[in-house]
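Protein sequences appear in the order of chains H and R.
Going letter by letter, the first sequence gives residues 152 to 264 in this note's numbering.
Going letter by letter, the second sequence gives residues 11 to 121 in this note's numbering.
Calculated directly from the structure, the hints in this document are not laboratory data.
Honestly, I wouldn't trust all of these hints.
What the hints assert, rightly or not - Dumping the calculated DSS-like pairs for lysine-lysine here, alpha-carbon to alpha-carbon at most 25 Å:
(1) H:191 <-> R:108
(2) H:204 <-> H:173
(3) R:108 <-> R:79
(4) H:173 <-> R:108
What the hints assert, rightly or not - Non-contacting residues of chain H with respect to chain R, defined by C-beta distances greater than 12 Å in every case (computed):
(5) 209
(6) 230
(7) 263
The beta-carbon is built from N, C-alpha and C at its ideal position, and this holds for glycine as well.
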Amino acid sequence: DTEVTQTPKHLVMGMTNKKSLKCEQHMGHRAMYWYKQKAKKPPELMFVYSYEKLSINESVPSRFSPECPNSSLLNLHLHALQPEDSALYLCASSQAGSNSPLHFGNGTRLTVT
Amino acid sequence: SQELEQSPQSLIVQEGKNLTINCTSSKTLYGLYWYKQKYGEGLIFLMMLQKGGEEKSHEKITAKLDEKKQQSSLHITASQPSHAGIYLCGADTGGYQKVTFGTGTKLQVIP
Chain H
152 DTEVTQTPKH
162 LVMGMTNKKS
172 LKCEQHMGHR
182 AMYWYKQKAK
192 KPPELMFVYS
202 YEKLSINESV
212 PSRFSPECPN
222 SSLLNLHLHA
232 LQPEDSALYL
242 CASSQAGSNS
252 PLHFGNGTRL
262 TVT
Chain R
11 SQELEQSPQS
21 LIVQEGKNLT
31 INCTSSKTLY
41 GLYWYKQKYG
51 EGLIFLMMLQ
61 KGGEEKSHEK
71 ITAKLDEKKQ
81 QSSLHITASQ
91 PSHAGIYLCG
101 ADTGGYQKVT
111 FGTGTKLQVI
121 P
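Just chain H, with the same shape it has in the complex (with noise of 0.2 Å):
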């Protein structure tokens, strides 16, 4: 079983709904990561927070909002999506710092209709 725990498994929604993503991890983790992975290719990086602060944003579209309410949570907010938008969403956390291997949830499946 993964520490690192995400909620919805699945979820469908429409272009112009609004929904949220959540990770919780309870393994004093203070850097917490989104991912999102296509079919048959590899994660790509989306945001870091580090110690509840966001440290990266790969140029992602503002439809995505993340959140980091506390050390243990991360949210990921969704609204206006796109089909394209359709995949594999990773949570993942680590220890802060470089060379921490992360820890990923089982992800949440995302198809936009």
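Mind docking chain R on chain H? Use the hints.
Below, chain R without anything else, positioned relative to chain H:
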């Protein structure tokens, strides 16, 4: 930006056979991770390598980082169906917590 190329792209082996997956970087690697992913699931951390010439083993999986720190290999001995999945190498760009992943290798093990 860091580019990681993996070879082969896919591999089908008979159970009990040994196999090797390679990961080549366009830049010097400061931290190299190996992960395994089953379809539609999260990535499972296998090993991390940092020093040139470093080698680590866990059960039947051995990973090495070459002296120049631009290439890593993952070797599986006596493969089993449980080894099937997608293997991904990932690189830390050094100090920025920005881990990028290689192109992936899909492994199938036939009983």
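Evaluated hints:
The hinted pair formed by residue 191 (chain H) and residue 108 (chain R) meets the criterion: a straight-line CA distance of about 21 Å does not exceed 25 Å. Of the pairs offered as hints, the one joining residue 204 (chain H) and residue 173 (chain H) holds, with about 17 Å between alpha carbons and a cut-off of 25 Å not exceeded. A threshold of 25 Å between alpha carbons decides the hint, and for residue 108 (chain R) with residue 79 (chain R) the separation of about 18 Å falls inside it, so the pair holds. The suggested pairing of residue 173 (chain H) with residue 108 (chain R) holds, with an alpha-carbon distance near 21 Å, which does not exceed 25 Å.
For residue 209 (chain H), the non-interface assignment is contradicted: its Cβ lies about 8 Å from the closest Cβ of chain R, within the 12 Å cut-off. The claim that residue 230 (chain H) lies off the interface holds: its Cβ sits roughly 25 Å from the closest Cβ of chain R, which is beyond the 12 Å cut-off. Here residue 263 (chain H) stays apart from chain R, with its beta-carbon at least about 17 Å from theirs, past the 12 Å limit.
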